[in-house]
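> Now for the letters of each chain:
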Amino acid sequence: MSGGIRGLLRSREIWIALAAAAVLVSLPWVASAYILGVLTIAYYFGVFAMSWDLLFGFANEVNFGPTFLIGSGAYAAGLLNAHGVPVWLCLLGGSAAALLGGVVLAVPALRLSGPYFGLATLVAVLLLQQAIIIFAGATGGEIGLTMNDILSADAITNYWYALGFMGVSGLILFTLSRSAVGLILQASGQDRIGASALGFNVTKHKLAAFCISAVFSGLAGAMLVFYLGTASVGTVVDVAVGVQVIIAAVLGGRRTIIGAAIGAIFLVLAGEALRPLGQLSTFVVSGIALLVILFFVDGLMGLLRRRREET
Amino acid sequence: MFAQILIDGFAISALYALGAVGFSLMFGVSGVLNLAHGATMVVAAVTAWVVAGQFAANSWLAAIAGTAAGIITAFATYFLVVRPIQRSRSVPAAEKEIFVLTGTLLWGIMIQEAVAYFYTDNPKTVRPLITGVMQIGGVRTPTNELLIAVICWAVIGLLWLLVNRSKAGKVLLAASINPRALTILGFELSRVYLMVWAIYGVLAGIAGVLLATFLGASSAQASQLTASAFSIVVLGGLGSVAGSLLAAYVVGYLETATAYLISPVYRTIPALILLVVVVYVRPRGLLGRR
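Top line first, the protein sequences correspond to chains V and P.
Those letters in the first sequence? Residues 0 to 310, by numbering that gives the first Met the number 0.
Those letters in the second sequence? Residues 0 to 289, by numbering that gives the first Met the number 0.
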C-alpha cells in the first residue's frame with residue numbers, strides 16, 4: 000500500500016464504490032421524489048458515519064458524541080441564517096463552528112483514553128442539548144429553529160447536492176485513510192507507545208483526525224438542516240442520533256470509511272422500509288445491527304470482502 | 000427549604016447510589032460497562048407495575064417480581080450479548096471493550112423499544128411500599144421516601160458484607176485485582192462472572208422497582224438512567240464502589256439543590272459540568288485507583 004492515488008486504485012473498495020456510485024447517479028431518472036428524499040437524508044448520514052469511522056476505525060477513539068460536532072455545525076449555520084447571512088456563508092460558518100467545537104473538546108479530551116474519552120464526548124452532547132433548550136429564545140428550544148432559506152425546493156437538485164457532497168467527502172476521507180497519515184493514525188490507535196517511539200507525534204495526528212472529522216460532520220449537519228428547513232434537537236443533537244451514526248459505522252464495517260456510508264444508507268432505508276411496523280421498527284433495526292456485531296464482526300463490507308476472496 | 004433539600008436529596012442520592020453500585024461492581028470485576036443498565040432497571044420497574052396492576056398483587060409481591068425480572072434481564076444480557084462477544088474469536092482482544100459497549104447499547108435499545116411497544120412509554124408509578132407521611136424537621140415527607148433510603152443502604156450494606164466477609168465475596172475481589180492468578184488457583188472464572196451478573200441483576204432490579212415507587216419510571220428514560228449511572232461511576236472512579244457512593248451523593252445533592260434553589264430546568268447541568276471538570280483534571284475520578 001504505497002498510499003495516494005496508486006493505493007486508491009488498487010484497493011477493492013474503490014471499485015465497489017464506483018459500481019454503487021453508478022447506480023446512485025442513475026436513480027433520479029427512475030426513482031420517485033419520495034425515495035430521492037429518503038436517500039438525500041441517508042447521504043448526509045453517510046457523511047456523519049464516515050467522519051465517525053475516521054476517528055474510531057483509525058485513531059481508535061470512541062467518540063460517543065458525534066452529534067456534538069454535527070449539532071454545533073447545524074445550529075451555528077441556522078443561527079447565522081436567522082440573522083440574514085447567505086446560505087454558502089452559513090455553511091462555511093457551520094463548519095468553522097464545528098471545527099472550533101472539535102478543538103475545544105479534543106485538546107483536553109485526547110489526554111483521556113478509552114471509556115473516559117467516550118464519556119467526555121457524551122457529556123459534551125448533553126451540555127449542548129441543555130444549552131439549546133436554555134437559550135430557547137435564540138435557538139427555538141425544543142420546537143426547533145426554522146431556516147429562512149433552504150438549499151433547494153426541488154427533490155432532484157437536493158439529491159444531487161447530497162450525493163455530490165457524500166461522494167467528495169467520501170473520496171477525501173478514504174484517500175486520507177489510505178495515506179501515510181491514515182497509517183500513522185492506525186498505528187497510534189493500536190499501539191500508542193510504539194508509534195511515538197517511532198517518532199510520530201501521536202497527539203498531533205489524533206487532533207488532526209478529530210478536526211477533519213469535525214469539519215465534515217459540521218458541514219454535513221449544516222447542509223442537512225438547510226435541506227430539512229429546520230434545525231431541531233431531535234434531528235441533529237439528540238444522543239439517539241449519535242447512536243444511529245455509531246451503529247451505521249459499525250454495521251457497515253469499521254475501518255473502511257466506505258462501509259460507514261453503506262451502513263448509513265442501509266440503516267435509513269431499513270428504517271423507512273420497516274415504518275409499517277411502527278414502534279417496532281427501531282427494535283428490528285437494532286436487532287439486525289446486534290446480529291451483525293455478534294456474527295459478522297467486520298460488518299457489511301467484511302461480508303462483501305469475504306465473498307470476493309472465496310471466489 | 001434547606002431541610003427539604005437535605006431530605007429529598009438524601010433519598011434521591013441513595014437511589015442513585017444503589018443504581019450505580021451494581022454498574023461499578025460489574026466493571027470492577029469483569030471489566031464490562033453494561034450500557035443496557037437503564038433498560039434493566041426499566042424492565043424491573045415495569046414488571047413490578049404490571050404485577051401490581053394486572054394481578055392486583057400487593058406492593059411487596061410486585062417488588063419481588065420486579066427484582067426477579069431484573070435478574071432475568073441481567074442473565075439474558077450476559078448470555079445473549081456479552082459472553083458471545085467475549086468468547087468470539089473474530090473480535091480482536093483490543094476491540095472487545097468497544098464491541099461490548101456497542102452490543103449492550105443495541106441490546107438496551109431493543110429492550111427499551113420492546114417495553115414501549117407492549118406497555119407504552121408513559122411513566123409507570125407503582126404504589127408506595129408504605130403509605131403515610133412523617134414530619135422530619137418540619138418537612139412533610141412521605142414515609143416511602145425514607146423507606147427507600149433505608150432499603151438502599153441496607154442492600155448496599157449487605158453487598159459490603161458479602162464482598163468483604165464471605166468467601167464468595169473474596170473471590171469476587173480477587174477477580175477484580177488479578178483474574179489470571181485466580182484461574183491458576185483453580186477458580187472457574189466463568190462462575191465468578193455468573194455470580195457478578197446475578198448480584199448485578201438484584202441491585203439493578205431493586206433500584207428499578209424503588210424508582211418506580213418514588214419518581215415513576217418510563218422506557219424513554221432508559222438511556223438517561225444509563226448515562227447517570229455511567230457518569231456517577233466515572234465521577235467516583237471506575238471500579239471503586241466507595242467512590243461511586245460518594246459521587247452518587249454529590250450528584251444527588253447537586254441536582255436537588257439546583258432544582259430547588261435555581262430552577263428544575265437547570266437540574267442536571269451543574270453535575271454535568273462537575274463531571275467534565277473532574278474527568279479533565281483527575282481522569283481516575285474522586286476515589287479511583289488508577
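There could be a bad hint or two in this list.
What the hints assert, rightly or not - Covered stretches of chain P, going by a simulated chain V footprint (3 or more residues, C-beta under 8 Å):
1. 54 to 62
2. 148 to 154
3. 164 to 172
Stated by the list, open to error - Residues from chain V that face chain P, not an exhaustive set, calculated with beta carbons under 8 Å:
4. Tyr115
5. Leu126
6. Val167
7. Leu170
8. Thr174
Note that these hints are calculated values from the structure, not bench results.
Where a beta carbon is used, it is the ideal one built from N, C-alpha and C, also for glycine.
> The structure should be examined with respect to each hint, and the outcome stated for every one.
These are the hints, each one checked on the structure:
Given a C-beta distance limit of less than 8 Å, the hint that chain V covers the segment 54 to 62 of chain P is violated, as 0 residues qualify and 3 are needed. For a cut-off of 8 Å, the count of residues in the segment 148 to 154 of chain P with a CB near a CB of chain V stands at 0, and the three-residue condition is violated. By the rule of at least three residues with a Cβ nearer than 8 Å to a Cβ of chain V, the coverage given for the segment 164 to 172 of chain P is violated, with 0 such residues. Checking Tyr115 of chain V against chain P: minimum C-beta separation of about 5 Å stays under 8 Å; hint holds.
For the restraint placing Leu126 of chain V at the interface with chain P, the shortest Cβ-Cβ distance is roughly 6 Å, inside the 8 Å limit, so the hint holds. At a threshold of 8 Å, the smallest CB-CB gap from Val167 of chain V to chain P is about 29 Å, leaving the interface hint violated. Given the 8 Å rule on beta carbons, the hint for Leu170 of chain V is violated: about 27 Å separates it from the nearest Cβ of chain P. At about 25 Å, the closest approach between the beta carbon of Thr174 of chain V and any beta carbon in chain P exceeds 8 Å, and the interface hint on this residue is violated.
Hint violations for this structure: numbers 1, 2, 3, 6, 7 and 8, all remaining hints satisfied.
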